[in-house]
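Work the whole structure out from these sequences, hints included.
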Amino acid sequence: MKQMSPFKQIIFYFLLFLASACSDKNPTSENQKNEKEQFKRSPSHITNIDFNNEIIENEQFNMVDYFYVYNGAGVALGDLNNDGLADVFLSGNMVNDALYINQGDLKFKDITSKLGVTDEGWSTGVTMVDINHDGFLDIYVCRSGNFEKDKRKNLLYINQGDLTFKEQAEAYGLADDSYSTQAAFFDYDKDGDLDMYLLNHTNAIRDPNNIRPLISDSSGPANDRLYRNDEDMGSGIRFTDVTKQAAIDFDGLGLGLSIADLNNDGWEDIFVTNDFVANDYIYINQQDGTFKEMAKSYLNHVSHFSMGNDIADFNNDGLFDLITMDMRPKDNFHEKKMSGPLNFDLFQRSLQQGYMPQYMRNTLQVNTGPDTAGDYKFSEIGQLAGIDATDWSWAPLFADFDNDGLKDLFVTNGYLRDITDLDFINYTSTLYGVMAHDSLDHVLKTKAKEMPSIKIPNAIFKNVGNLTFEDHTDDWGFGSPSLSNGAAYADLDNDGDLDLVINNINEPASVYENQTNSINKNHYLNIKLVGDSLNPFGVGTEVRLFQPGSVQLIRHSVTRGYQSSVDHTLHFGLGSDAKIDSLLVTWPDGQTEKILAPIADQNLTITKNKGSKSLPPTLPYEKERHFKDVTKGLNVEVRHGETVYYDFNREYLLPHKLSEQGPGLAVGDIDNDGYEDFFMGGGYNHSGQLFFGSKTGSFTHRALTRNENERYGEDTGVLFFDYDNDQDLDLYIASGSNEFYEKSEYYQDRLYTNDGKGNFKLSQGVLPSLLTSNSCVRAADFDQDGDLDLFVGGRLTPLKYPFPPTSYLLINEGGKFTDATNKLAPSLRKPGMVTDALWTDYDADGDVDLIVMGEFMSIEFYENQNGTLASSSHKTGLSHTSGWWNSINGGDFDNDGDIDYIVGNLGLNSKYKATSEEPLSIYALDYDKNGTVDPILTTFNEGKEYPVHSRDDLIKQVPTLKKKFPDYASYARATISEVLSPQEKSSAYSAKVFQLASSILINQGDGTFEMRPLPNWAQVSPIYGIIISDFDKDGNLDLLVTGNDHGTEVGIGRYDASKGLYLKGTGTGDFLPVAPLESGLFVDGNSRGAVAIDIKGTANLIFGSNDGSLKAYAPSNANDQNKVLKVPTTSIFAKILLDNGKTRRHEFYRGSGYLSQSTRSIGLSGKEKEIRVFDPDGNETVIDPKP
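Those letters in the sequence shown? Residues -24 to -1, 1 to 1163, per mature numbering (1 follows the signal peptide of the UniProt record, and there is no 0), in order.
Some hints could be false.
[Said to hold, decoys possible] FRET-style restraints, in silico, Cβ to Cβ:
(1) Thr1105 with Glu446: 47 to 55 Å
(2) Ser1085 with Lys12: 51 to 59 Å
(3) Lys733 with Lys599: 42 to 50 Å
(4) Asn625 with Phe779: 13 to 21 Å
(5) Arg988 with Lys733: 42 to 50 Å
(6) Lys599 with Asp86: 55 to 63 Å
(7) Gly60 with Gly92: 19 to 27 Å
(8) Arg182 with Ile495: 23 to 31 Å
[Claimed, not checked] Using 25 Å as the maximum straight-line C-alpha spacing, the simulated SDA-like pairs for lysine to any residue come out as follows:
(9) Lys737 with Glu789
(10) Lys85 with Gly111
(11) Lys1111 with Gly1023
(12) Lys1102 with Asp1046
No lab work stands behind these hints, which were simulated from the structure alone. The C-beta atom is built at its ideal place from N, Cα and C for all residues, glycine as well.
Written out as structure tokens, the structure reads:
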């Protein structure tokens, strides 16, 4: 059997997975640029840097024989002669490396000849380090290429102190002959000297894309290497390969390497990013000479074609964050031209083989601190931050380029040949099997050379705070296209801002002068560290800079980005305030010293003081957290049962699965023993679980039913309520999901009658036929006749997404329900794909109204008009509210006596974007007349509306479109108006989304509302669970929100960034996010329902997760102010007089938040002076809130 070439394997890979690229754009002429641009490219005739990493394909170096032929080379910056100016080393692939000495004023001198003998070879990454601790930086160069081992030996140039160098890699034990990408030097064993981690790839394997069991015993062909510095062993400075004994075990094609103390234990850890299917790795230092790979614990997903990376505290919270580059283009044409078919089964198989979820986009992992088990957790927010799509990108560099106190992001871009073009791949695929192997290789080599370059501008993003960045590529001077790879920063001209040096393919290296100091009046501080005798440059030192209201953190680690190392000088931007409170310097051995009020705008040298104190590492937040995990103490560590169902195998164009909606949670005292109990719904073929409270506060649990037939229905919305007025709580379970066909008997909702002791029996003949896949169920005495009526929301119509299903208004007539929708609420019959609803008196007129929301739905208000429900949304002052809404809950957030609402949406950390001018739309019709609905989702890109899905996926759903779009290029150009005819478009069921932000609706008191988006921390994932209470006891209502969604189609990727969020209310309707490190909440997983429950007089919190275990939290400092107040069962609302004179309105819901129902008790804050409770007849009961 013939073996595929590496290039052929790459082609095969892009047919299996999403791929993308981007091609030539017209350059901006230099004379058109604004003189005030942030950066100015200094021409080579001024800098004298004329190095050109020229790549010319030949028989030895081409995409077939060496698939990393176009990956470029690196840059290292550092002061080699200790004259206070950073010098430049540029590595070359097919050309020799080059060394330039900085002569001031951005003029350099080529002294490459001083390196001595430069062997022929393919250089990749380069690092400057003082390896022999003589006070002079040495240069370590990695080698690779389509060579035998002897030409792949890495090089070590030892600085002789007079600008001459000796190559001594063999003598130091560092002449590694792997296919090396980059090296990082750090003291992993805390013996004082610097060890080395070597990042590797390989050209030896023929199929880098195959999904096979991970090699995890350090025997892989591309396994990285760890070299321990054994200088203290009596044989001079000599490095020993300790890879296996240190447990650096996992294979991968490494392209990115960074070092930092990720878990804040004082020991340096390793972050590795790998190309193709290999996972990215986080090696956590075990403090005993070994490492433990923990990426799956720390990260939820990673980039797919991971390239360069960086580690920095970009949001100034004292924790190190991670960024990784990938290949997603920004424009529709290039993305569609490179996007192959999605394969959910293949994605699932990769997970089963031990691979992490991987998505082709840049990923920004923000550190949220340790969970309750002490493991650090990260939330990936690249799409929210606006940096996820920068085309074929290599080096990310976090640094404060405008000196405003926030780290910005620079990214290099470009690839010499656009080998991911699917039309090209399809053509070459037709040759395989019909052409001799040698002939095929010749054709592939020839055709690859004919492909255009992906020559695009590098990108730079300004950090604007709030977890987001703004693209300033053009106005900061980076509009010219290039093929750039390695890059590094330094203050080359000592003017107080960071300049850039970039290694390009087939053009001279770029030197960009930063002109910040002449544009704004921001201040800076440059710091040179002088460490001890074994580590003179203080590598591994952490410096914290304190200013009023802010703290910045930088760790001295020079290996960053891609194949490069930055200058050893640390740079802080200070903004407009030159005042620095202090510096806190933590040296690698843990010794700490504080420097008070250093002067700004200088180059400050800090020398390690022998009298420094050794302090243990501290977290940015050391106070007691607001909440504590009580899951085990309550005995509720019970898993929700879910049977995996492959929705995408039946409906190819679904944006997400519809079969993973639960669990919902419902709270109530079901056995009348005075202790609140709760119910968790079950998935298909899994019974829901009843949890019984007790005097001790812990729970026992049992299955609701053991009847197999009753388990076939999948539980969605759940509700305890007394439908038959016999003074106990019965249980309503809505049946939903997507497993069954339309009108299946398993969609019939179920009502279980309570015998008063918590034993439930399925009732017969009480509910009408409800053969809709339903979501929520909500109860209220809608018609004011003394019993509880129901609204049941229809979620979906199986195989007919996004057609609106039937919803129901069920009237209780003496313990039997009738469908009165058509009679009393005709506009409520098919409002849309309902996800949640709330019975609430939004207009405070004394009767209960209804708010309904859902997917592709506006927020719909229905006013109670004398026992009928009439649509009143047009009266609310809200417009363009259509969203992918998940949940709603109500509270008086501004303490003005009326009810405001929080509405949970998809959030903003998604590829999908929507505005009133450029909505997310869907057009559904049986276009090919084959009996199935074809839903075509669209978004806007650069002002035009395009289909979301790839050509392959759309043709799989609508085969007739293959004739219309015979190739990828024709489809990539097509707007939706070119995909669908005017008649098809007008005949289709269409819906639009204008709003994706989770938001607050502020009640203006006159039936109108103001919509305010929640803070960005609340937009990192969809919001499902919502709990409202005054958690911090300041007299203002706060929020706890949870939610993720793992059921997305593989091209979009999981929404998994939420760890649960505590939002502190200000009393004005605005909310401030509280970091997980401070709140103590770590509710991750596929989060769904959330409830508050009264346990021993204190409000506890229960959180559900689809196919995951329940979690429970309680206030960390429970006291009288944390108590809850029980109210009469007939209560519908209360007026709470606060000690500041304001009055808060409180409604008692039977069902609120996603599919759930919380306790009806009132949480007390100690700020209440008086509570007046009202029943449906207007009777008032005054309750003293004081214990």
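Going through the hints against the structure:
1. Thr1105 with Glu446: 47 to 55 Å: holds, 54 Å
2. Ser1085 with Lys12: 51 to 59 Å: Once the Cβ atoms are compared, 57 Å apart, the range 51 to 59 Å for Lys12 and Ser1085 holds.
3. Lys733 with Lys599: 42 to 50 Å: holds, 45 Å
4. Asn625 with Phe779: 13 to 21 Å: With a Cβ separation near 20 Å, Asn625 and Phe779 satisfy 13 to 21 Å, so the hint holds.
5. Arg988 with Lys733: 42 to 50 Å: holds, 46 Å
6. Lys599 with Asp86: 55 to 63 Å: Hint holds: Cβ distance 56 Å, inside 55 to 63 Å.
7. Gly60 with Gly92: 19 to 27 Å: At 25 Å between Cβs, range holds.
8. Arg182 with Ile495: 23 to 31 Å: violated, 52 Å
9. Lys737 with Glu789: holds, 20 Å
10. Lys85 with Gly111: holds, 22 Å
11. Lys1111 with Gly1023: Distance ~42 Å between Lys1111 and Gly1023 Cα, so the pair is violated.
12. Lys1102 with Asp1046: violated, 28 Å
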